[in-house]
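**Student:** As a plain string of letters, each chain reads:
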Amino acid sequence: MKSIFTLLVLFTTVTFTVDSQNKGYDIGDIATDFNLENIDGEFLSLSNFKAAKGFVIVFTCNTCPYAVAYEDRIEALNKKYAPKGYPVIAIMPNNVKTKPGDSMLAMQIRAKEKGFTFPYLIDADQSIYPQYGATKTPHVYILESTDRGPVVQYIGAIDDNYKDAALVKKKYVENAVDALLNGVPLDVTKTKAIGCSIKI
Amino acid sequence: MKYLLTLVLFMSMSCNSKVNDPIDLEVYNFEGIAPYLNLEGSKTYVVNFWATWCAPCVKELPHFESLQSKYIDSVEVILVSLDFPHQYETKLKPFIQKHQLKSKVVVLDDPDMNSWIPRVNPQWDGAIPVTLIYNVSKRSFYSRKFTYKELETELKTFL
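Chains as they are written, first to last, in the numbering used here: chain E, 1 to 200; chain G, 201 to 359.
Worth flagging that the hints you see were computed from the coordinates, not collected in a lab.
Some hints here could point you the wrong way.
[Stated by the list, open to error] Computed far set for chain E versus chain G, every beta-carbon distance over 10 Å:
#1 M1
#2 F43
#3 K53
#4 N95
#5 K136
#6 D164
#7 L167
#8 A193
#9 K199
[Claimed, not checked] So the derived list for chain E, only partly shown, Cβ under 7 Å to chain G, looks like this:
#10 N62
#11 Y162
#12 K163
#13 A165
#14 T189
#15 K192
Quick caveat, the model's predicted, so the values are computed rather than measured.
Here a beta-carbon is modelled for each residue, glycine too, at the ideal position from N, C-alpha and C.
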């Protein structure tokens, strides 16, 4: 009887610990699709992209200075990799009530000013970013399209120098997508960077 | 003409007085900040990573100031700013001045974040604010924001 009790306690403890650590995706997980409103008023899902080899999902926004520092580079990534089968999809995860500068209208204006060529979607009920486990902006998830679904292959930062694109030594996202396109293992699958916490 | 010259001279003199800016920022790359994460004195050290552009950081900053003044003998608060260099003059210095920050402020300017974030704490994902509290016997890392009460409660476990 005592051993059953101990086992039960152990089981609940382990389950609870595992659940509480399960904050979003890790490398190899299958990412959820979504149906989010784009700046053109249409709703967009990963499944709309029939020919995509994968996706560069970027949780980003208008109001975070780090996100702003990367705007041109995010656009450059789309120009370079969309034709190769890895389009950028930007998702704005903040609560627009706490951050009105991230409203759909503001997103549309920014996209127009900067000439974004990628979809800029709004995670309107803030239900997608927690599934991915995004904690800040910008936060990148590179997905590879497979028979099982979109598999997470890279999580983290865009490169190693937010301040100056000319001084970048390690282009994390480019290296990861190149490796996926070439069918070789990724050298670096996870990186860290400072960003603005996602506003709930 | 003579009057205009005097005026110009006077104006340029007034501008010069602004050069005597009382705030001298201590700006370091990570190697310069690292010692503040491992001070060996007898105090309890509270290191908070923040920035003027981070709303939750700014909201909790007064709590760190209150903590510093209340526990002046046993605690040293160090505020590590992650503000951008191009905003030191326009945002950071005016902020420090306006809020009359008494705690020590140091500025971290090191773009290779992937290298130093894990050195602050391996679990840190890069979001701010975060706070490190440590002394000779205990060390804890908090990836969260604090009310004053919560912060003081945590500090008391170190004292």
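**Student:** Indicate, hint by hint, whether the structure satisfies it.
**Tutor:** Now for the hints, and whether the structure bears them out:
1. M1: holds, 38 Å
2. F43: holds, 29 Å
3. K53: holds, 26 Å
4. N95: holds, 12 Å
5. K136: violated, 4 Å
6. D164: violated, 7 Å
7. L167: violated, 7 Å
8. A193: Per Cβ check, E/A193 is inside 10 Å of chain G; nearest 5 Å; violated.
9. K199: It is violated; E/K199 is separated from chain G by about 8 Å at its closest Cβ, not greater than 10 Å.
10. N62: violated, 13 Å
11. Y162: holds, 6 Å
12. K163: Status holds, d = 5 Å.
13. A165: Hint violated; E/A165 Cβ to chain G Cβ min 11 Å, cut 7 Å.
14. T189: violated, 12 Å
15. K192: At about 4 Å, which falls below the 7 Å cut-off, the nearest Cβ of chain G leaves the hint on E/K192 intact, so it holds.
The structure fails to meet hints 5, 6, 7, 8, 9, 10, 13, 14 from the earlier list, while all remaining hints are met.
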